[in-house]
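**Q** Sequence:
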Amino acid sequence: MSPTSETAQGGRRLVIVESPAKAKTIKGYLGPGYVVEASVGHIRDLPNGAAEVPDKYTGEVRRLGVDVEHDFQPIYVVNADKKAQVKKLKELLAESDELFLATDEDREGEAIAWHLQEVLKPKVPVHRMVFHEITKDAIREAVANPRELNQRMVDAQETRRILDRLYGYEVSPVLWKKVMPKLSAGRVQSVATRLVVERERERIAFRSAEYWDLTGTFATGRAGDPSDPSTLVARLNTVDGRRIAQGRDFGANGQLKNDVLHLDEANARALAAALADSSFAVRSVESKPYRRSPYAPFRTTTLQQEASRKLGLGAKACMQVAQKLYENGFITYMRTDSTTLSDTAVAAARAQVTQLYGADYLPEKARVYAGKVKNAQEAHEAIRPSGDRFRTPAETGLTGDQFRLYELIWKRTVASQMKDATGNSVTVKIGGVAADGRDAEFTASGKTITFHGFMKAYVEGADDPNAELDDRERRLPQVAEGDALAADEITADGHATKPPARYTEASLVKELEEREIGRPSTYASIIGTILDRGYVFKKGTALVPSFLSFAVVNLLEKHFGRLVDYDFTAKMEDDLDRIARGEAQAVPWLKRFYFGAEGDAAQPGPVDGDHLGGLKELVTDLGAIDAREISSFPVGEGIVLRVGRYGPYVERGEKDAEGHQRADVPDDLAPDELTVAYAEELFAKPSGEFQLGKDPVSGNEIVAKDGRYGPYVTEILPEGTPKTGKNAVKARTASLFKSMSLDTVTLDDALKLMSLPRVVGTDAEGVEITAQNGRYGPYLKKGTDSRSLETENQIFTITLDEALAIYAQPKQRGRAAAKPPLKELGTDPVSERPVVVKDGRFGPYVTDGETNATLRRDDDVETITPERGYELLAEKRAKGPAKKTAKKAAAKKAPAKKATATKTAAAKKTAAKKTTTAKTTTAKKTAAKKTAATPPEA
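Residue numbers (this note's numbering): 1 to 938.
If you're looking for bench data, these hints aren't it; they were derived computationally from the structure. Just so you know, these numbers come straight off a predicted model, no measurement behind them. Each hint should be verified, as a subset may be incorrect.
Calculated pairs, EDC-like style, for lysine to aspartate or glutamate (alpha carbon to alpha carbon, straight line, at most 16 Å) [as the list claims (entries may be wrong)]:
| no. | residue 1 | residue 2 |
| --- | --- | --- |
| 1 | Lys-558 | Asp-493 |
| 2 | Lys-324 | Glu-460 |
| 3 | Lys-411 | Glu-395 |
| 4 | Lys-498 | Asp-343 |
| 5 | Lys-498 | Glu-481 |
| 6 | Lys-177 | Glu-629 |
| 7 | Lys-782 | Glu-765 |
| 8 | Lys-310 | Glu-407 |
| 9 | Lys-456 | Asp-343 |
| 10 | Lys-616 | Glu-69 |
| 11 | Lys-87 | Glu-118 |
| 12 | Lys-365 | Asp-343 |
| 13 | Lys-121 | Glu-95 |
| 14 | Lys-558 | Asp-626 |
| 15 | Lys-123 | Glu-141 |
| 16 | Lys-27 | Glu-37 |
| 17 | Lys-539 | Asp-672 |
| 18 | Lys-82 | Glu-118 |
| 19 | Lys-738 | Glu-790 |
| 20 | Lys-694 | Glu-715 |
| 21 | Lys-310 | Glu-118 |
| 22 | Lys-730 | Glu-765 |
| 23 | Lys-498 | Asp-706 |
| 24 | Lys-558 | Asp-97 |
| 25 | Lys-738 | Glu-715 |
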């Protein structure tokens, strides 16, 4: 039956998708016989804590939300914030004659569709409607050719969900007990964190080596032109036939690892002087043909990498923008491992090649890109413009990040169907004999592109900012062997080896994919999680591990080594994919993972290898874990970095021992920057308590301290003073003014600060006026009327007459005069407006005049780069305007009599009023993928 207005004669059809935006687009392509409604994401999942678990479940089942003793039956509950939507869907279904489940065509989408079917319990025919682009033809084709629910995908997704729940809910509490409360562990997030930590360890252990070489500028003696330059620059390659040491010849310890000639500064300068008057000639010219083929169309990870390199978008922001493009019908589905293009897409791309670049750029045969990703979901296409005719970026009407990302996808797709770029690469060797008799040979490399081919449309970026892009030409003079050259200049150049670069979001995505860890579609959320949890922070685009992550990874490596082993994690992914293909069973595999070999010895299976086993045993015996040891890291000279419950600090000596020193370490300090010298600086800074004297009135000791929110003064109450209850006494405390510091504040200053608010006087009506310091600075207060003061000192000096004069002026409404920017960053590549850093009510933020983005905890006004500023703005734009939500009353606890139904392979799937289901893993089912609350998973 075709989806036209005639359909109404055959009844009413309910189509359920995930998002309202997707529903709105699809609705426009279907006739009046269709109702399109959104589930608004997942409607059901494992419980977010024991409070959501029905009363009939107790013990471990209540804690985990999974019954590990009965074939890992998951307990599902309808999300509290989705109950109203579920009710609406049930009402719409009651008026419908058919149900179409049109969620995304991947494991997660299949799981959402299954949960919808389980919760709604339709009594009408149910169809699974799938498509990978939202166009009129694609939607109508999907309605006309529905399929059945894919139970293998459902089972595979549920197995992943249960695995991640067990990992997160069993390992995270170990971190709470041994490192710090509210931490989280996850199957992929912990491994990703370990990668970032290991790179920082390499940087800490790295020892730089210095080496020198020579650069020569040689002239042909001819007048040059763009096609035939008159000079060429060559670098010294060998001396007396022995290769000169370059950076690649040194190990991480700073020592040479190859048999090469290591030039120091003195030798390099001496050789340059000895070659100053030498004669040089071309010794050889080697030319090779150059050919570069187009890059494959985008899949999820390559899109994230290129969006990071070219657009400054983080993985999360990239996927948010791509989601909008997909839902509004501009691109195909953006979570895909495939690089294949449909025949329709190939035809559209080839047509645009001819139209925009001419027939000379079109290869005779269409290019086919084979999927390189293991276990790729090949049902999907690559990410490309939607439709059978690609809209050019100018035709879309898009703006901002959506325009830029669409343009990137469009260019890459069109370029993938263009001819190779061709040209020549040339290597020229130039030799001469120094005054001291040593033979020196220089080398120059060039590249010319005779036919740009696909490069006319697209050139891929690089993670290394110093890397040369594919379309960059280096033209050398046309020389032949034996030609004499004159040395215009020979200079000695010093170099130092550099530590391995930190990961960026793009390079971490690439690393995870190459190691086959996790699923590419989850990388954006994984990176978001480790950033949000404080395991990693950003400096520019680099991902820097926190000291907290060092402690967490240290514990996991020493006591849960297998769980963060790269090969083990990749092998688990293989196992899960075998379950998805029906080559293995979920329950035996989960038993082996959770209980160990003994747990399923009677049920051997093809994936039950020795690499699994024993999570429960690992988390049961925690006595061997020394919390202080796993959070301590030697810095040198008796100094130790420790990760405490309130942040990192350095310490020398034992507490309470003579000579003991301790100092807090800034949260945003990169671990490789913590040296002995820096630690000594921290020790030398004023810290701890500064005794200022006694309050002459109360007799209490007054001290100054440096707290988490800045320096402050407080009083020490006598022992026995009640701190709780009706008679509790609270110590007076006050923050220091910005003009004060711990080493200069006096007792008088402290007493003044603690006396605030200061009563200035009363007005003619007897209303008291006070001066005080607040979150947004100093101000006057009269009843509910507050007026700002210009300086903190005015709090103590302003008179009643001056205060009355301020109140006599009309209260200033709206914004005060704009403050000058704290820093200028440059022009934003999206809005093309100047970007500056400003100081706002809630701290510093970046703005281009249209979009504002608050600096994160790890960003600093002094060190923030233009790229980081643009990235923050891009993330803010991708989120869209903040949504205002009405306050909801707390949900009442469901009475115990609302029982749950147990689903078995023989019985039909049912759900009680609480809409919870306990079911066997061997039955047809799956769990919807949803971020758990406490503790987080995966």
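**Q** Hint by hint, say whether it matches the structure.
**A** Here's how the hints hold up against the structure:
A distance of roughly 45 Å separates the Cα atoms of Lys-558 and Asp-493; the hinted pair therefore is violated under the 16 Å criterion. Of the supplied pair hints, the one linking Lys-324 and Glu-460 is violated, its CA atoms being roughly 24 Å apart against a limit of 16 Å. Between Lys-411 and Glu-395, the direct Cα distance comes to roughly 14 Å. Compliance with the 16 Å bound is thereby established for this hinted pair. The hinted pair formed by Lys-498 and Asp-343 fails the criterion: a straight-line CA distance of about 47 Å is larger than 16 Å.
For the suggested pair Lys-498 and Glu-481, the alpha carbons sit about 37 Å apart, so the restraint of at most 16 Å is broken. For the proposed pair Lys-177 and Glu-629, the alpha carbon gap of about 14 Å is at most 16 Å, so the pair holds. Note on Lys-782 and Glu-765: the hinted pairing holds, with a Cα-Cα distance of about 11 Å set against a maximum of 16 Å. For the proposed pair Lys-310 and Glu-407, the alpha carbon gap of about 11 Å is at most 16 Å, so the pair holds.
The hinted pair formed by Lys-456 and Asp-343 fails the criterion: a straight-line CA distance of about 23 Å is larger than 16 Å. A hinted pair counts as satisfied when its Cα atoms are at most 16 Å apart, and Lys-616 with Glu-69 qualifies at roughly 12 Å. Straight-line distance between C-alpha atoms of Lys-87 and Glu-118 comes to about 14 Å, which keeps the hinted pair within the 16 Å bound. Proposed proximity of Lys-365 and Asp-343 is supported: the alpha carbons are some 12 Å apart, at most 16 Å.
For the hint pairing Lys-121 with Glu-95, the CA-to-CA distance comes to about 14 Å; that is within 16 Å, so the pair holds. Pair hint Lys-558 plus Asp-626 holds up; C-alpha atoms about 11 Å apart against a cutoff of 16 Å. Between Lys-123 and Glu-141, the direct Cα distance comes to roughly 25 Å. Violation of the 16 Å bound is thereby established for this hinted pair. About 9 Å separates the Cα atoms of Lys-27 and Glu-37, which keeps this hinted pair within 16 Å; it holds.
Distance hint between Lys-539 and Asp-672 is fulfilled; the C-alpha atoms sit about 13 Å from each other, no more than 16 Å. For the hint pairing Lys-82 with Glu-118, the CA-to-CA distance comes to about 15 Å; that is within 16 Å, so the pair holds. Restraint check for Lys-738 and Glu-790: satisfied, since their Cα atoms lie roughly 13 Å apart, inside the 16 Å limit. For the given pair, Lys-694 sits about 9 Å from Glu-715 by alpha-carbon distance, which is consistent with the 16 Å threshold.
Restraint check for Lys-310 and Glu-118: the C-alpha separation of about 44 Å exceeds 16 Å, so the hint is violated. Among the hinted pairs, Lys-730 with Glu-765 is inconsistent with the structure: their alpha-carbon atoms are about 33 Å apart, more than 16 Å. Pair hint Lys-498 plus Asp-706 does not hold up; C-alpha atoms about 37 Å apart against a cutoff of 16 Å. Distance hint between Lys-558 and Asp-97 is unfulfilled; the C-alpha atoms sit about 59 Å from each other, more than 16 Å.
A threshold of 16 Å between alpha carbons decides the hint, and for Lys-738 with Glu-715 the separation of about 20 Å lies outside it, so the pair is violated.
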